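Participant: These protein sequence lines map, in sequence, to chains D and H.
According to this note's numbering, the first sequence is numbered sequentially starting from 176.
According to this note's numbering, the second sequence is numbered sequentially starting from 144.
Simulated from the structure, these hints should not be mistaken for laboratory data.
Note that the structure is predicted; figures quoted are calculated from it, not measured.
Quick reminder that beta carbons are idealized off the backbone N, C-alpha and C, glycines included.
Output of the computed footprint for chain D on chain H, the stretches with three or more beta carbons under 8 Å from beta carbons of chain D:
1) 226-237
2) 365-378
Computed footprint of chain H on chain D, listed as stretches where at least three residues anywhere in the stretch have a Cβ under 8 Å from a Cβ of chain H:
3) 255-266
4) 288-295
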Amino acid sequence: MNNIGRNIFMGAVLAVLLAPLVVLGGVSLNEPKQLLFPPEGFSLKWYVELITLPDWLNAVKNSLIIAITSAFLSVSIAFPLAYFLWRYRVFYARILFGLGLAPFMLPPVITALGFLIFWVDVGQLLNLQLYGSIIATIVSHAIFFVTLPLVTISLGLESIEAQVIEAASTMGGDDRTIFRTVVLPLVRPYLISGYAFAFVLSLNEYIVAYMVAGFTVETLPIKIFNSLRYGYTPVMASVAVVFVLVAILVFGLIARFGDLPKLMGAWSNKET
Amino acid sequence: MNGAPPKGLQQHSAVIYPAVMLLIFFVAPFGIMLAVSFYHRVESAFYEPAFELANYARFLTAFFGKALGFSIWIAALASAISVAVAFPFTYFMTRLGRPAQVRWLVLILAVLSLSEVIIGFAWSSLLSRTAGVSNILVWLGLMAQPEAWTPAFSALLIGLVYLGFPYTVLVLYPALSRLDPELAQASRMLGASPFKTFFLVIVPVLRNAIMSAFIMVFVFDLGAYILPQVLGKPEHWTLSVHITDQAVFQSNIPFAAALAIFLMLVSLALVSLTMLLGQQRRTP
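Only chain D is shown next, with the shape it has when bound in the complex (with noise of 0.2 Å):
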């Protein structure tokens, strides 16, 4: 195809993906409590409720402590794991493997459900209130996002050369020297990768965390679905704003420290 169709092409696909998020930036400067576009008057103060408003920063708190907590707990499962496979490559450590590409090839609905069911259960099992805490949510977040850590740490560790490890183990080093001197360093930009992912994925989260806690522990996403419902306000639309610079912060800082296209040509390995 020729140039000037493909730039055509190109700049309507670009202006599809970019007008929602045009308009979201749009309406979240309205000055009156209205979603508007072109917004009328100019007004930061949808921000400022967003950070001051107890309930809108009650839910800013949550979703803040699942991502971080819950990213961190999927790359404690996913790096040991994504290890053991590429040391020892034995069947049941692929089994577990497959498990945690798991949540990410059926629709999130049916994985929340059985967090639901998991929680209620086991709850009544122990005595303790644990559907509806936000303990839940966490782990469930975690299991649930394990898929993105486990696939960058993987490829992290695939690509280590085989003579850098051989080299050092005819130096002497054994396994948990090698780890920590050769493995570690080479793969923490895949740690971190796999940990921003997780986190921003988290971030953003509605159905898991709507059926494990959705009605006490009040995340970002569930508070704009319940506005959506009752009540409209522009701040909705500020949270989605701030939503989408985290999202381009973070993998921007992913592209200018990491091999985003290489990151990229792997993540969907897990299909093959």
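Please build the complex by placing chain H on the supplied structure of chain D, with the hints as guidance.
Facilitator: What follows is chain H alone, placed relative to chain D:
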């Protein structure tokens, strides 16, 4: 790295924790959900153990049969459109220089990570009377007065395509970026137009990648649960919405579980098909 299989507790120590976590928090929930799908619903409580097929039999009612049919129809339509747009898009993107590719990828990832709630909200604004595209058309003099285009089937379809598009691009990206550029060059040298090259060389070579992208996005769209509620009318509720509704608002967890197990089997069958296609691709 290959080596002797691990021996003893010490060498296994790395895998114990992830294994325990995945078994308890992922395998167990699915096991319990499978069991619950045969349980008996108790009003005002959750459920009691039983073995009955009533929950599964209830799919056969016209209402849920229609919801299932509609879910499959709109997911198939949306993923077909996603692939039809994403394939040429991804092809052009992979032919760009590295910095441009990285910028596109950052944007695609940012859109991919957007919460379905935000996408639903954004498109309902875009298609609304007060903040929508129709205002621009009015301003341009193409329309007399702004109109609301949501909720409607077309609004839901647009939302689903937007939701699935970045995912489609990322599923197609590896296959397209590894495509040998000499293939297109050879075709051009033999006198084929760029248009012909694209449809008669590139598309057939990547037939399997296209099929598996379609299936992956189909499963992904099948899971949409917010968009049908925000952009669609009640008759546009998909199976995912009904699962949530049964579980949370009707408190009929056994039936929700049965619906979920059914949806899972459909998805698993499709994902396995994708993997088969993937294997064919590797051994041509």
